Amino acid sequence: MDFLNAIFVQPFADMAAAPDFLLQVVWEGLVGGVLYALIALGFVLIYKSSRIFNFAQGIMVVFAALTLVGLHEKGVPALLALPLTLLVMLVLAVAIERAVLRPLVNQPDIILFMATIGITLFLIGFGEIIFGGENKVMITRELMIPTDSITMDLFGGFVSIEEKDLTSVIGSVLLVAALLLFLNRTKTGRAIRALGDDHQAALSVGISLSTIWVVVWFIAGVIALATGIAWGARAGVSFALEVIAYKALPVLMLGGLESVMGAIIGGLAIGILEKLFEVYWGQPLMGGNTEAWFAYVLALIVLLFRPQGLFGERIIERV
Amino acid sequence: APASAQEDSIYIPNLSYRTGPFAATGTPLMNGQRDYITLLNERDGGLNGTKLVYDECETGYNTEKGVECYERTKENAVVTQPWSTGITLQVLPKSNVDEIPILAPGYGFSPMANGKVFQWAFNPPSSYWDGASMILKHISEGNLDNLNGKKIALLHLDHPYGKEPIPLLEVLAEKHGFTLLPIPVGLTEMQNQSAQWLQIRRERPDFVLMWGWGAMNAGAVTEAAKTRYPMDQFIGIWWSGHDGDLKLIGEEGKGYRSISWSVPMPDSQLLQDVREYVVEPGKSLIENESELDSVFYQRGLMISAILVEAIRAAQEEFDAQAPDATQVRWGLENLNMDEARLEELGAAGMLVPFKTSCADHTGHGGAWMLEWDGEKFVKVSDLITPDREAIEPLEEQEAQAYAEANAPWPINEECNM
Amino acid sequence: MNQRPDHMMLTARDDGIAKGDVLLEARNISLAFGGVKALTEISLNILKGEIRAIIGPNGAGKTSMLNVINGFYTPQQGSIVFRGRERRAMKPHHAVGQGIARTFQNVALFKGMSTLDNIMAGRSVMMKRHIGWQMLWHGPALKEEIAHREKVEEIIDFLEIQHIRHTPVGKLPYGLQKRVELGRALAMEPSLLLLDEPMAGMNLEEKEDMSRFIIDVNQQRGTTIALIEHDMGVVMDLSDRVAVLDYGKKIADGTPDAVKNDQGVIDAYLGVPR
Amino acid sequence: MATTAGAAAQQPADQILEVNNIEVIYDRVILVLKGVSLSVPRGGITALLGANGAGKTTTLKAISNLLHAERGEVTKGNIVFDGAQVQNLSPNDLVRRGCIQVMEGRHCFGHLSVEDNLLTGAFTRRDGQTAIREDLELVYTYFPRLKERRTSQAGYTSGGEQQMTAIGRALMSRPKMILLDEPSMGLAPQLVEEIFEIVKQLNEEQGVSFLLAEQNTNVALRYAKYGYILESGRIVLDGEARALRENEDVKEFYLGIGGEGRRSFRNVKHYKRRKRWLS
Amino acid sequence: MLYRTAGQFKTSYAADHALFPVRQDAILLGVVLVFAFVVFPLTASEFAFRALLIPVLIYALAALGLNILTGYAGQLSLGTGAFMGVGAYACYKLITLFPEMNIVVAIALSGFFSASVGALFGLPSLRIKGFYLAIATLAAQFFLVWLFQKWAWLYNYSASGAIHVPNISMFGITVAGPRAAAITQYYFVLGIVCVVTFFAINITRGRVGRMWKAVRDMDIAAELVGINLMRAKLTAFFVSSYIVGISGALFVFLWRGAAEANLFDIPLSFRVLFIAIIGGLGSILGNYLGAILIVALPVIISGVPAMLGIRVASATVEHLNVMIIGALIITFLIVEPHGLARFWAVIREKLILWPFPH
Ligand SMILES: Nc1ncnc2c1ncn2[C@@H]1O[C@H](COP(=O)(O)OP(=O)(O)OP(=O)(O)O)[C@@H](O)[C@H]1O
Ligand SMILES: Nc1ncnc2c1ncn2[C@@H]1O[C@H](COP(=O)(O)OP(=O)(O)OP(=O)(O)O)[C@@H](O)[C@H]1O
Ligand SMILES: [Mg+2]
Ligand SMILES: [Mg+2]
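Chains as they are written, first to last, in the working numbering: chain D, 1 to 319; chain P, 1 to 417; chain U, 1 to 274; chain F, 1 to 279; chain E, 1 to 358.
Among the hints, a few may not be true.
[Stated by the list, open to error] Chain P stretches covered by chain E per the calculated footprint, using a threshold of three residues with CB under 8 Å from any CB of chain E:
#1 9-20
#2 312-326
[Unchecked claim] Residues from chain E that face chain D, not an exhaustive set, calculated with beta carbons under 10 Å:
#3 A36
#4 K129
#5 F131
#6 A139
#7 F199
#8 I201
#9 L273
#10 I278
#11 F332
Rather than coming from a laboratory, the hints here were simulated on the basis of the structure.
The structure displayed is predicted, hence computed values, not measured ones.
Here a beta-carbon is modelled for each residue, glycine too, at the ideal position from N, C-alpha and C.
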């Protein structure tokens, strides 16, 4: 009885008792969710255009952020470092296309997936040689991102919102909107979607695989940079960031591998739900740290009902 | 490990980690260790004329690599420095068989203090349980009963290292009437601890103790600032007191404290020598000079100093130019790092004085409290010592349990407490 | 008529139905996908021992009809009576157990496996030895394996694909793949064999070969065959009765000649006859 | 019997496409084309006939440069399109120059709508939205059925509609020449006629040249002006379509017409090995 | 003419079904076994046993288990590490609860625990496919590792949360625990690996193996030829996880000696996956070749500078090492996407034809 009470009654009573706290939990979840969504978006873009499950997205986040900070440390002004970093990401996209994607065109999915793990390892080694392993500070102020926090007194308590989190939420919304427009309204966007369906056919109508891939990987690089700035502003930049890739995978599962909307809604849903679950159920009842698996289990359950995720493309299954 | 084969040198392997998620904290430690040995070789031509061969094997804080490194380096080694609680746990059972002493200063399994049971393992000058005891002593102003009715959170890495203090804290909580609230941080959550800090905000503990490592430390202090948790109620173990981590937060981290059995002394003779013989000739791996002043770099120096003193003791006792592992073990059991000796080393005040024995492999030298002043850590307390009476029974019990679980496990009955 | 040996070992399984009686009857089948009505109230029957053709324009619902018959699709309405037993929904692998086998419009072979293994896979349902015996590869498991191998060799012989026995089917030319697929279906010893465009994309010569095999199967083994095909020559020559579907409705059903001259069929499907 | 390979190109000036003695190897070991030469006159429809696996698709892919994605390579010979050597161009360059392939098996973009499918065909064009819109309307006049289904996902349209989509998509690139691979495969007879009628119209009204790979010899030879017959990677016979239709071997092996009219599939003799021009 | 097959005719289907239709294969295997059973033990140093031979065998076994699932039945799994963990913890509990139990029995039994857990997490595979399934197996990965951490009963409430292998003997010889000699452990592992491999070969070429491959190549068609997808997939998960579980038990008991939950985290899963893929999916031999490449090569590479007497900072060596391995993986995938086993098959084909090119 106590047990049932602890599961079904107490958490809600707690929520009602301290609405300011609940709001804070939701906000924290939202901010986390936006960041998950951003990483997931990188995956989605690449998957959509090439059916490659790009495991390297996580390390690309680290790489982009480190390049930005590293350039700044070398004395490049922040606002110049930003475009330079973009240039580096472009070079990276071109290099990946040349060295990995082109020779592996038309190979089975799993081979390409493995290749992206290869890329991940390579970039880890390469990055550590260049940037060293220590934790670096994100150049938040230099990029003119506000760093104060706003505290609102509500419901007899307070909710505090970091301006940089707010900035990253707004920034992400803009980024996603731009991306959606790009995908649905432009020729290149259409070509990206076409490529996901059938490489050969895309080639045959004159879509240049290499160009599109470079474009897509570059966009993924831009998203990685955005993620890196947002996340780095919270906790510094180091190779430990790489593990956040794992947080994006359940988002993909939940939202659907090829859906931009799915990545966003999935990201937000997971961000908020996992935080609520951890705070109200995980910590009191299960020894905490349920965030390690909650998102996965949630996504798994959703998949049982919709095997292609909430917004994924229906699997056309015909004989 | 070919260089070790010569008769006239002493092979000191180190299972280092300058890569992986914990590289940021590992690197300055390894640099300090390495530079101390280099200093001896450069300044004194070795130890009493015998060259010291310092060799790193990279583990990336990965237990599996660590074991591989142990196997790779053990052949001529006089010591093994596993550098992670996980690797220590793996190597510990082998030490009786391979007969190589494990030196794990300030880390590893706390009951290793019991030299009767753990004949080959050493964790001077203070164990994690000592650390926990000292922090409690400090925050209770000397009397643990002052904590009665208080709530103390333990924010810890969800890893053997982070869980290490829990058994002792549980016992003490029971005894002194405070509530213990362990809050684990998973490896993937290190950078995003908002859930943990929400819990802290909700539970409003009177103190937060931290057993954090790597990126977790910076993440925690950032969140603490964000949550407006009073910094002066937030105290870390010695591995959570890294300048690099706090620099990320700067001013906002002001008031955060970390207990430490070493204190940086940038003006000491030792540091001057390091600058002269190691850094200036370009023989150090440090990235910039400011690293020399950091807590972890100087702690690295002290760790090597402890080891070298043990080897020196072995040289003298056995009259051996290059003592073997068993002899070095004797040296580690008979360390006497008193203030006079530290003074001689040019390191006065840099390390807590301590003394080991056959039965006591830790020395329990105690520690000081350091506080972040916005730019660097400064010492803010006198020497604190652990409440051994509270710890010893638990140590004894856990050591026995370990021996039983791993039977047949040899016990050195010749030691007396 | 031909000089090939009869392959009597491979007779269709005895289903207790006399030649000429109704083997399968589809009653009032309706099937829709979202808004698309693939089949609307279709009834048709298949008699034991005949070659039954189903024709119709693209998207008429022919493949869907076969899918309903062997349980891959469950119709929203109507039922199937097979060998006197009525059912609406069932698992596809049960259809095989009841004696229905098929080939597919787009070759659906197991590409990574050899011809032999593909055909052996068709006999999976009939093999029973459990995994414990298989681990040892001795005694019962081996005996069973060899017994089935003999049957399969018979089929390989019949289809004249001995030379590609150990070739992975992914590497075979299209025509041979279709033949292997037929072999896999035959290995199930079906009493009803469903063929979905067995000759699409073949040249004349291969079509002739395939026709030969279909007729042999039908005549020597007494297997009942339902066939979808767009080549009118083939349909007219091989089949006993033809059903015509258009937009999910049955618009004609009868002998080839009757169907060929049906004005509705000409308009919907054949176009101007030449 | 008409001439064989090599002598095909009589009036080079008039030829939009010339293939000279090409060899194609897959996977570095499998030799598939063993010296194929053919040409297509400007504004003509030329058929490429042959059994399964003869190398028709391979020939078309060699021309449109789609072999790389399949680990195939042209190792010998050259290809001239519209007066320029093209064998080293990328497929999109070739499309830009006006040569586009409609692949065997349709290959529509299943998750895109029919209209988006058509628009992808305009990828290489640089002449602005309005021109593209106009061409879209033009495609819809040729294929009214596509207009009805413009918003459906291509993956769920019928085989015939997919074939139309594929051809329409190719048209959107404003090609001078279309390489059409087995347009009739799997289509109902009426649709086959319909598609070929449209091909004819396009040819006559828009002046598009066609190279047509087909199994359905009967239809192909009715619409094409010239034909090549490919066997095991070699051209074994070529000539005017009319002449080919009268050729005894073609009748026997490709049209199925025996001594007295069409042979019945029911009465075919069983051959272990058939006569071949070459072996 | 190393590989002359002429003159080897088969007169019965049974002969055609023999393990080695080509005699030279049997001879080659014999040579390999002689090396494994006689030559290595006589020559290897303790380091070679502990850092090369034993891990290669254990990893190959884990990869074999994964290969059954991914290579034969086509179900991509990223949860191998956690299933190894289930085997290891099960074995630990068996050994500590029943100290009298023979270690071989304990290991064999622990496989059943991981097999059951594997089958449980395999249930979603009936509906979920491809990468979705792969990510779903990550749910198993993260959940199980979390459970290993939180469920103190599993590690007998030890303070550190780690498990330690006690000294275990069999017929008077210590085979596991700190006192066990490397060579004993090597023979022990080798024995188990050989037996399991023999069983695996037989299963994969018989009825069950065919069913798996059919499901892998085209699951709809497999269902329509009468294969019960649910049974086929679940047996694949079961058998695969059984082998993986055994390898996990060996991993801890015969090699590592102690373990904490994080050991079974995702890098382990990836490592095993690499081995299976670089070795060759759908091949038994590939697992061994892959394990040699992925496990042994880094050990050797990182030893190179020391062997040459060059003193490079260990961190740099490690960084380079990681880079090289990343690049190697990509290179191998490009050169031969089907893995080392295919590489060998091509060489073997050439040898059969040799010296005549046709
Ligand atoms: N799994 C499915 N999901 C959605 N729609 C489907 C599915 N299967 C078939 N359809 C639709 O049902 C209709 C009938 O399709 P079916 O494949 O049965 O046609 P068909 O007669 O076999 O045509 P064809 O000759 O081109 O093979 C088509 O409109 C098709 O798009
Ligand atoms: N990617 C490939 N790798 C290896 N061999 C191939 C490949 N593609 C085709 N082939 C082989 O090349 C030969 C010619 O194939 P191609 O597809 O050009 O024939 P086709 O005349 O178009 O036949 P169909 O009428 O079946 O379409 C065949 O024997 C085929 O097996
Ligand atoms: Mg159909
Ligand atoms: Mg073709």
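Evaluation of the provided hints:
Coverage of the region 9-20 of chain P by chain E holds [criterion: at least 3 residues with CB-CB distance below 8 Å; count 3]. With 0 residues having a beta carbon nearer than 8 Å to a beta carbon of chain E, the region 312-326 of chain P misses the requirement of three or more and the stated coverage is violated. With its C-beta approaching chain D no nearer than about 28 Å, A36/E sits outside the 10 Å limit, and its interface hint is violated. Look at K129/E: its Cβ gets to within about 7 Å of chain D, closer than 10 Å, so that hint holds up.
Hint status for F131/E relative to chain D: holds, with the closest Cβ pair at about 5 Å, below 10 Å. With its C-beta approaching chain D no nearer than about 4 Å, A139/E sits inside the 10 Å limit, and its interface hint holds. The interface hint given for F199/E is broken, as the beta carbon of that residue sits about 26 Å from the closest beta carbon of chain D, more than 10 Å. The beta carbon of I201/E comes no nearer than 23 Å to any beta carbon in chain D, farther than 10 Å, and the hint placing it at the interface is violated.
For the restraint placing L273/E at the interface with chain D, the shortest Cβ-Cβ distance is roughly 8 Å, inside the 10 Å limit, so the hint holds. At about 8 Å, the closest approach between the beta carbon of I278/E and any beta carbon in chain D falls short of 10 Å, and the interface hint on this residue holds. The interface hint given for F332/E holds, since its Cβ lies 9 Å from the closest Cβ of chain D, which is under the 10 Å cut-off.
Comparing the model with each earlier hint shows violations of hints 2, 3, 7, 8; every other hint is respected.
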